[in-house]
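Q: Protein chains in written order, with my numbering: chain A, 7 to 227; chain B, 5 to 335; chain C, 34 to 488.
Source of the hints: derived by calculation from the structure; they are not laboratory data.
It should be emphasised that the depicted structure is a prediction, and the values quoted were computed from it without experimental measurement.
Treat the hints with caution; some may be incorrect.
[What the hints assert, rightly or not] Cβ pair distances, simulated, as ranges:
(1) Gln71(A) - Gln273(C): 55 to 65 Å
(2) Glu280(C) - Gln71(A): 20 to 30 Å
(3) Leu260(C) - Asp67(A): 26 to 36 Å
(4) Lys38(A) - Leu330(C): 55 to 65 Å
(5) Lys38(A) - Ala311(C): 49 to 59 Å
(6) Lys213(A) - Pro417(C): 56 to 66 Å
(7) Leu260(C) - Leu28(A): 14 to 24 Å
(8) Met112(C) - Leu326(B): 21 to 31 Å
[Stated by the list, open to error] Which bits of chain A does chain C cover? Going by a derived footprint, with three or more residues having C-beta under 8 Å, they are:
(9) 14-27
(10) 208-218
For glycine and all other residues, C-beta sits at the position ideal for the given N, C-alpha and C.
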Amino acid sequence: MKFLLVEDNQELAEAVIGRMQLDGHVIDHADKIQDAIAFSETGEYDLILLDIMLPDGDGRDFLKQHRAARRNTPVIVLTARSQVSDRIGVLDLGADDYVTKPFDHAELQARCRAVLRRKAGAAQSELRMGDVRFDPVAGRLTVKDEVIDLRNRELRLLELLFNAPGQIFPKQKLVDRLFSYEEDVSENAVEVYIARLRKHLEPSELKITTHRGLGYRLDNV
Amino acid sequence: MCYLFLVIFSLWAASGTAQDWEDEQVFPEEQAARVLTVLSSTDTSFFASIIEGFIARNPSVQVRYLVTSTAEIDTVFRASPAAFDIVISSAMDLQIKLANDGLALEIEGLNYPNWAAWRRSLFAFTTEPAAIVINRAAFAGQSVPETRQDLIQVLRAQPEAFEDKLGTYDVRVSGVGYLFATQDARTSETYWRLMEVMGSLGTRLYCCSGDMIEDLAAGRITVAYNVLGSYAIARTDLADQIEVILPADFQTTMMRTALVSAQTGQPELATAFIRHLIDAQSNEDMFPLPPLQDAAKAGQPTITLEPALMTYLDALKKRTFLDEWVNAVIQ
Amino acid sequence: MSEAVRVSGSLRNRLTVILIGGAAILAVLLFFIVRNYAAQIAQQSQDNILGASVTSILGAAIIRDGAVEVDFPYASFSMLNTDSDDRVFYAIYQDDTLLSGYESLPLVAPDFGEGTVFRSATIQGTTLRVATASRVLIGEDRRTRISVSVAQTQDALSGVLNRISRNVALFGAGFFALATLLAFWATSTTIGQLKRLTTSVTRRGPQDLSPVVKPVPSEMVPLVSSLNHLMSRLDHSLSQSEDFIAEAAHRVRTPLATVRSHAEATLQRVGREENRQALRSMVRAIDESSRAAGQLLDHAMITFRADHLDRQDLDLVDLVQELVLRLTPVADMKDVDLRLDAAPGIRVAADPILLQNAIRNLIDNALKYSPSDSTIMIRLRSAPHIQVEICDEGPGFPPDQIGGLVARFARGSNADGIIGSGLGLTIAQDVALAHGGHISLANRPEGGACVTFSL
Chain A
7 MKFLLVEDNQ ELAEAVIGRM QLDGHVIDHA DKIQDAIAFS ETGEYDLILL DIMLPDGDGR
67 DFLKQHRAAR RNTPVIVLTA RSQVSDRIGV LDLGADDYVT KPFDHAELQA RCRAVLRRKA
127 GAAQSELRMG DVRFDPVAGR LTVKDEVIDL RNRELRLLEL LFNAPGQIFP KQKLVDRLFS
187 YEEDVSENAV EVYIARLRKH LEPSELKITT HRGLGYRLDN V
Chain B
5 MCYLFLVIFS LWAASGTAQD WEDEQVFPEE QAARVLTVLS STDTSFFASI IEGFIARNPS
65 VQVRYLVTST AEIDTVFRAS PAAFDIVISS AMDLQIKLAN DGLALEIEGL NYPNWAAWRR
125 SLFAFTTEPA AIVINRAAFA GQSVPETRQD LIQVLRAQPE AFEDKLGTYD VRVSGVGYLF
185 ATQDARTSET YWRLMEVMGS LGTRLYCCSG DMIEDLAAGR ITVAYNVLGS YAIARTDLAD
245 QIEVILPADF QTTMMRTALV SAQTGQPELA TAFIRHLIDA QSNEDMFPLP PLQDAAKAGQ
305 PTITLEPALM TYLDALKKRT FLDEWVNAVI Q
Chain C
34 MSEAVRVSGS LRNRLTVILI GGAAILAVLL FFIVRNYAAQ IAQQSQDNIL GASVTSILGA
94 AIIRDGAVEV DFPYASFSML NTDSDDRVFY AIYQDDTLLS GYESLPLVAP DFGEGTVFRS
154 ATIQGTTLRV ATASRVLIGE DRRTRISVSV AQTQDALSGV LNRISRNVAL FGAGFFALAT
214 LLAFWATSTT IGQLKRLTTS VTRRGPQDLS PVVKPVPSEM VPLVSSLNHL MSRLDHSLSQ
274 SEDFIAEAAH RVRTPLATVR SHAEATLQRV GREENRQALR SMVRAIDESS RAAGQLLDHA
334 MITFRADHLD RQDLDLVDLV QELVLRLTPV ADMKDVDLRL DAAPGIRVAA DPILLQNAIR
394 NLIDNALKYS PSDSTIMIRL RSAPHIQVEI CDEGPGFPPD QIGGLVARFA RGSNADGIIG
454 SGLGLTIAQD VALAHGGHIS LANRPEGGAC VTFSL
């Protein structure tokens, strides 16, 4: 996926960029509206993350211009305000969703995925491995012509494993990615989801192996 | 009788003492708690039934009915207004002057037509034209004069036949005579011509209608001018001897009027009498006089009740008029 | 919220009283002026007739054979006839001697020329109007002055005056009645302008601080322009403080977001359990504080808006559907299903922002307490009342605390480990109360909590 992040706070931008790259996304960064317009005109982005308060103007003005130019790249607004009215205002101006700062990256990603799913429609973003096809945006897994709709955590777990086949993911890391910080969960909680995925993949050439004391790995048998 | 009266009148006027009435009647004979004194120019015969009707309604009242000539009524009443309760006269001019001079009592609450009353104090209750009355025998076989002009022609045609056979009011003595004369003179010049013709034939002068009628019936005179028609008609016993002519050219019609003295001691009783008088008009048996007629409806003008009647009472005017009249009639 | 305004009289009453009072004074004035004028005219016409009578008598005076004769016409008195039968008096004097007429009518010889003198006199207790004129007659050997006075009572005149007075009084009363009606009409139109302005200002939404643009009468321009000025200043300061809050929130939240993002990234790299615990606590603390701040602001906003409820006609189903759509990504993360069960087209008259806020807080709460792989049912009912029921499959409310949970900052005893400020239910409750409704809490027999939000 290719993202454009419009955020004037350098530190936050770096943190977000780092986090996004960790998930294997490509991300460009603009720190003012002028740059953001230039970027959005030249590059094809799947999604734009837009801060509202920018040094050379209001993010909402960018939104207006963006929609006026009939670009339909989805936009998620990062806002520091919490008033519902403000959020609605943003939606009315053509934003697809909003996230209140400070935000949970998992939530941000979930919202990105939801927006992309709504916007993408027929457009496929299918990944292939062996005899398995996986569409992370639609949350769809196709094994031997059987289509399985994955639940969210299954989807996120599979997405992690699919992006780095052959890499061992420690349980701890998987817990961090699947559960929010509000939930106090043990590392064993992840085993439920590993078991579900294994069941889905059973008829296929793909297999999730357990490496004692290290973690799990997706293998193409 | 007339001459006799004239003598009495002049005697009284000279001495200013005794008062003799043409007639004095008391209704009823017995003494009563209250006495209502009526001073009137109307013969008692015309009023007896009216007064009896009044007494029938007011048993404790005695009415003293005094009759004298219109002119004398004025003199007597002005001299002692407190002595009389009611004044009835056919001399409208004298009556209106009494009212104008404040000698009549204003009576409230009498719903009476405006033309028949003046200042709510003078009330008319008859309509009586002045008539030419002739002796039937004298005119036997010839046409009866319908107008004053006719009369003048008849008189001129046969002056010898009417010599000393004419009669009229002596306007110097009679109030109503003066009223008729002045109103005639006001209406038409014919009056003066008639007076000159009558004067040239030696007209007899009377104080009262009654005397004229008597003399006519007796044949002492053959024509009387300006007689009260009502009196003549009322003498049904003389209907064969006399004929009453209401002149066709114009009629001089007077209204008999009544007033209550402003100084009456019994205004309520006097007012009741006036009411009775007015009410009595509608009762033919009780009211032998011709009742009030609206001049506008009757088609004949009636002498209007207005202060202008006082015009000929003015001393200067009266003097002038009488001079002229004497010149014409007495010559 | 609205301060009691001190009342000092009523503009309408004052205006009405002044107009009606003015009309009353005018009516009385009118009465006296017209009556006085009519009296003058009536007197004038009586004088004219008296004058004519005197002139006609005087005109008839001649000297014949050395004696004065006054053969005046019948009309001299006839013209004095009136409806009220007024009494007539006259006197004709030759020099100082009464020739004829009433002695009681004193001679007042005019001082000059041929003019007629009019005066009022009282004779025998009666008020008379007397006209007097004189004329010099020249005989063969002497000059003599003839004076004539004609007098008349004033019964007809006062009758006419009484009639005129009555008519003028009626006219004045009519004028007054009409003027009173006009006064009420004028007052209500004038006050109507003020009322219309008041209505147009009162009917505005709570956020509407735009100037009054409707044309107003010129007398109201100062008021309206200072009102507009006040509103623009208020609008300016409101937007300034809004900007300030937004700026402040931005300044605070952006670094928090930075810290959170860094903490999360670090957590991915750190292996030691004690360090991970510390980082987790840090992230949780950040979430808790930002959420608390958000809810506090929301609560403040709701308290403010509840006084100026901006009721609009809304489709409740649309509103809840939109909310569900916004919250689905968050629910998905816990594999929680949000199910909406509603018949289409439930319309309510409510403040959309408050309603959204309340229901979002309730769904947020349900989400927080829902276990993974569970369902939250959101049911909308239109009968018997309009209700939104939100049921989760979580632990439910502690039965002994169920009554006090809506209190500010109250949290269930089983809320340990769940981030929350305790304001969610309070916000929902305040919104329900502001709309004349309420919320009720219950536990489902099969487990889980149910919140019913009724309007």
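Q: Work down the list of hints and note, for each, if the structure agrees.
A: Hint check results:
{"no.": "1", "hint": "Gln71(A) - Gln273(C): 55 to 65 Å", "verdict": "violated (26 Å)"}
{"no.": "2", "hint": "Glu280(C) - Gln71(A): 20 to 30 Å", "verdict": "holds (23 Å)"}
{"no.": "3", "hint": "Leu260(C) - Asp67(A): 26 to 36 Å", "verdict": "holds (32 Å)"}
{"no.": "4", "hint": "Lys38(A) - Leu330(C): 55 to 65 Å", "verdict": "violated (28 Å)"}
{"no.": "5", "hint": "Lys38(A) - Ala311(C): 49 to 59 Å", "verdict": "violated (36 Å)"}
{"no.": "6", "hint": "Lys213(A) - Pro417(C): 56 to 66 Å", "verdict": "holds (58 Å)"}
{"no.": "7", "hint": "Leu260(C) - Leu28(A): 14 to 24 Å", "verdict": "violated (58 Å)"}
{"no.": "8", "hint": "Met112(C) - Leu326(B): 21 to 31 Å", "verdict": "holds (25 Å)"}
{"no.": "9", "hint": "14-27", "verdict": "holds (count 7)"}
{"no.": "10", "hint": "208-218", "verdict": "violated (count 0)"}
In terms of the numbered hints stated before, the structure departs from hints 1, 4, 5, 7 and 10, listed from lowest to highest.
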